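Sequence lines, in order, name chains D and V.
In terms of the working numbering, the first sequence has 614 at position 45, counting the first letter as 1, and numbering is strictly consecutive.
In terms of the working numbering, the second sequence has 102 at position 94, counting the first letter as 1, and numbering is strictly consecutive.
In case anyone wonders, no lab produced these hints; they're calculated from the structure.
Incorrect hints may appear among the rest.
[To be verified] Each computed DSSO-like pair below joins lysine-lysine, with the alpha-carbon atoms no more than 27 Å apart:
1) V:Lys37 x D:Lys591
2) D:Lys600 x V:Lys31
3) D:Lys773 x D:Lys617
4) D:Lys825 x D:Lys591
5) V:Lys119 x D:Lys591
6) D:Lys773 x D:Lys636
7) D:Lys773 x V:Lys31
8) D:Lys636 x V:Lys119
9) D:Lys636 x V:Lys37
10) V:Lys37 x D:Lys773
11) D:Lys600 x V:Lys37
Since this is a predicted model, take the numbers as computed values, not measurements.
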Amino acid sequence: MATIVGTITTSHVPAIGGAIAKGLQGDPYWKPFFDGFPPVREWLARVKPDVIVVVYNDHGLNFFLDKMPTFAVGAAPEYRNADEGWGIPTVPPFQGDPELSWHIIDSLVGEEFDLTTCQEMVVDHAFTLPMALCWPDLKWLVRTVPVCVNTVQGPLPSAARCYRLGQAIGRAIASWPGDERVVVMGTGGLSHQLDGERAGFINKDFDLQFMDSMIGNPAWATRYSTTELVELSGTQGVELLNWMVARGTLPERVRKQHANYHIPISNTASGLMVLEPQG
Amino acid sequence: MPTPNARQPVPGTTIFDGEQARKGYALNKMCYSFNDAANRRAFVENEEAYCASYGLNPEQRQAIRNRNVLQLIRAGGNAYYLAKFAGIFGLDMQDIGAQQTGLTKDQFRAKLAAAGR
């Protein structure tokens, strides 16, 4: 059976792409953020994943508001990046794994998660930038399965539902007969708000408590409604739902391999964690 | 600042729900089109005609004309789509944040940095 060797959860703001394009990784503003990633790359070199399941939210590249799935799973042989309107360079295409995708889809629908399946799908910065932070030479050494969560248009799925989706993805991967090593990535957050008079809202106390909960109390955030999560973490901080999906794929007990937290990048509190299953 | 209510309980915040999505559909659809460089050029070349082709209502048209983010949100705009509109003018999220909060960009950046201390 396939094995989930760990999760990487990280912020994904577009400005990271701008900083990479301008070579600003060592700039005093950006250094505290980019310095979080060499340990992630060392960890990846050690655990050698074959497949990355990327849990993220689309920001109006693949999906428009004409059709907005709550949960969508990619089932394409290849996923391309494209222009999102503000000129960050696009990255090379990602190889898919349609067989594993369809297995995950079969398993999730079998558990009554009603999905949208995508045999063609473009992936935006929420997918590409975390990958580029893990593989800065843009030579992806892994196959990918995109899992897209609606964090854009309410009603959003609850944190509890997202956590349970992650648990179901974990069971799907465990029942795959191949011997792949899988890393699940969850991207977005942490606290930030782009819009309204409350723009610039950041909540360090909440973020640190949330990151701590990822280790020993993974269902902690499920006590909050999505509106409460907006109040606590901002209108886009609610992207932490993608972290909840990723965390759900791991058992209750985990080991923290690495973490980083820095305020601000662009308008965002950036969080990064690498967790491994324990026992 | 809009008064909080049962549907929008967070002060200074318009949660993008079904009501906003209906109200802002034409505006967000136009902003979605700005993923394509040719459409960004077409907007710049003839803003009036481009807005008309997406059927913006007068409130949306005026908010676009004013380049005013709070007005665009009131007209149903979604932050992720409005970011594509802002991109046409080379504005980043801190420019947008400063405009909405009535701060200079430096003041807005200082406010963000202060949240980390």
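Structure-based check of all given hints:
Between Lys37 (chain V) and Lys591 (chain D) the alpha-carbon distance is near 31 Å, which puts this suggested pair outside the 27 Å criterion. Between the alpha carbons of Lys600 (chain D) and Lys31 (chain V) the distance comes to roughly 41 Å, so the proposed pair goes past 27 Å and is violated. Taking the CA atoms of Lys773 (chain D) and Lys617 (chain D), the gap is about 33 Å. The hint is violated against a cut of 27 Å. Of the supplied pair hints, the one linking Lys825 (chain D) and Lys591 (chain D) is violated, its CA atoms being roughly 32 Å apart against a limit of 27 Å.
With a CA separation close to 25 Å, the supplied pair Lys119 (chain V) and Lys591 (chain D) stays within the 27 Å bound. A threshold of 27 Å between alpha carbons decides the hint, and for Lys773 (chain D) with Lys636 (chain D) the separation of about 34 Å lies outside it, so the pair is violated. Straight-line distance between C-alpha atoms of Lys773 (chain D) and Lys31 (chain V) comes to about 33 Å, which puts the hinted pair past the 27 Å bound. Pair hint Lys636 (chain D) plus Lys119 (chain V) does not hold up; C-alpha atoms about 37 Å apart against a cutoff of 27 Å.
With a C-alpha separation of about 12 Å, the suggested pairing of Lys636 (chain D) with Lys37 (chain V) holds against the 27 Å cut-off. Note on Lys37 (chain V) and Lys773 (chain D): the hinted pairing is violated, with a Cα-Cα distance of about 34 Å set against a maximum of 27 Å. Only pairs whose Cα atoms come within 27 Å are accepted, and Lys600 (chain D) paired with Lys37 (chain V) is rejected, the gap being roughly 37 Å.
Consistency with the previously given hints fails for numbers 1, 2, 3, 4, 6, 7, 8, 10, 11, ordered from lowest to highest.
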